[in-house]
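Asks: Let's have the full structure, built from the sequences with the hints guiding it.
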Amino acid sequence: MRHKTLDVRGGNGSMTGRGSWEAVGAARYALLTTYRKDGTPVGVPVWLARNGQKIVIWTYAGSGKVNRIRRNPDVTLQICDTYGTRTTGEIVRGHATVQDAAVAKRTRAVVGRKYGLIGLAMIHASRYLRGADATVGLTIESV
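Numbering (my numbering), first residue to last: 68 to 210.
These are calculated hints, taken from the structure and not from any lab test.
Be aware that one or more of the hints could be misleading.
[What the hints assert, rightly or not] In the EDC-like style, the derived pairs of lysine to aspartate or glutamate whose C-alpha atoms are separated by at most 20 Å in a straight line are:
1. Lys-181 / Asp-148
2. Lys-181 / Glu-208
3. Lys-104 / Glu-157
4. Lys-104 / Asp-148
5. Lys-172 / Glu-208
6. Lys-121 / Glu-208
7. Lys-121 / Asp-141
8. Lys-172 / Asp-200
9. Lys-121 / Glu-157
10. Lys-181 / Glu-89
11. Lys-121 / Glu-89
[Claimed, not checked] FRET-style restraints, in silico, Cβ to Cβ:
12. Ala-188 / Ala-168: 15 to 25 Å
13. Lys-181 / Tyr-150: 18 to 28 Å
14. Asp-105 / Arg-180: 33 to 43 Å
15. Ala-192 / Asp-167: 20 to 30 Å
16. Ala-128 / Glu-208: 13 to 23 Å
17. Gly-131 / Val-170: 20 to 30 Å
18. Asp-148 / Met-189: 15 to 25 Å
19. Arg-180 / Gly-106: 28 to 38 Å
20. Asp-141 / Tyr-195: 28 to 38 Å
Ideal Cβ positions, reconstructed from N, Cα and C, are used throughout, including at glycine.
Replies: Structural data, given as structure tokens:
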């Protein structure tokens with residue numbers, strides 16, 4: 068899959084207001100933007116769910132976004148369509164962390180519950196095809 072390269076740094080669309088954060092957390096898809104070593108932003112659409120005041124994401128452990136977050140935890144989120152090609156609403160900034168195994172298990176449950184049968188099917192299929200350790204959870208806190 069080819070990722071969308073964006074220029075969101077220093078843009079005037081950023082907002083960290085609580086209303087925007089809640090709207091992103093309630094959205095079906097969001098464009099998660101992480102940063103390469105050279106600072107180039109890379110956006111990828113993700114499933115997400117709210118867990119209290121935090122946003123959680125379930126993804127593959129070896130994905131580029133996980134590697135980029137381990138290097139630089141600064142991220143942005145913006146509501147988008149399934150493919151990440153159309154964005155709406157405000158860009159919100161966050162600080163991401165890769166969860167340990169126990170917390171990741173809870174994240175799978177929260178995300179699975181939000182996306183219903185399709186979400187649960189995807190989670191179980193990934194565990195069956197790739198194994199339980201092949202996925203991780205990400206926690207994003209508003210900054």
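Asks: State for each hint whether it applies.
Replies: Hints versus structure:
Between Lys-181 and Asp-148 the CA atoms are separated by roughly 17 Å; this keeps the pair inside 20 Å, and the hint holds. The straight-line distance between the Cα atoms of Lys-181 and Glu-208 is roughly 19 Å, inside the 20 Å bound, and the hint therefore holds. Of the supplied pair hints, the one linking Lys-104 and Glu-157 is violated, its CA atoms being roughly 25 Å apart against a limit of 20 Å. A distance of roughly 27 Å separates the Cα atoms of Lys-104 and Asp-148; the hinted pair therefore is violated under the 20 Å criterion.
Restraint check for Lys-172 and Glu-208: satisfied, since their Cα atoms lie roughly 19 Å apart, inside the 20 Å limit. Taking the CA atoms of Lys-121 and Glu-208, the gap is near 5 Å; set against the 20 Å cutoff, the hint holds. Of the pairs offered as hints, the one joining Lys-121 and Asp-141 holds, with about 15 Å between alpha carbons and a cut-off of 20 Å not exceeded. Distance hint between Lys-172 and Asp-200 is fulfilled; the C-alpha atoms sit about 10 Å from each other, no more than 20 Å.
Using a Cα cut-off of 20 Å, the hinted pair Lys-121 and Glu-157 holds, with the two alpha carbons roughly 17 Å apart. Only pairs whose Cα atoms come within 20 Å are accepted, and Lys-181 paired with Glu-89 is accepted, the gap being roughly 15 Å. For the hint pairing Lys-121 with Glu-89, the CA-to-CA distance comes to about 9 Å; that is within 20 Å, so the pair holds. For the pair Ala-188 and Ala-168, the beta carbons lie near 22 Å from each other, so the given range of 15 to 25 Å is met.
Taking 18 to 28 Å as the suggested C-beta distance range, the pair Lys-181 and Tyr-150 conforms, at roughly 19 Å. For the hinted restraint 33 to 43 Å between Asp-105 and Arg-180, the CB-CB distance of approximately 38 Å keeps it satisfied. Checked against the given bound of 20 to 30 Å, the beta carbons of Ala-192 and Asp-167, roughly 23 Å apart, stay inside it. Taking 13 to 23 Å as the suggested C-beta distance range, the pair Ala-128 and Glu-208 conforms, at roughly 21 Å.
For the hinted restraint 20 to 30 Å between Gly-131 and Val-170, the CB-CB distance of approximately 21 Å keeps it satisfied. Take Asp-148 and Met-189: their Cβ atoms lie about 18 Å apart, and the range 15 to 25 Å holds. Distance hint check for Arg-180 and Gly-106: the Cβ-Cβ separation is about 36 Å, which falls inside the suggested range of 28 to 38 Å. For Asp-141 and Tyr-195, the hinted distance range of 28 to 38 Å is satisfied, since their beta carbons lie about 34 Å from each other.
Hint compliance for this structure: hints 3, 4 are broken, all remaining hints hold.
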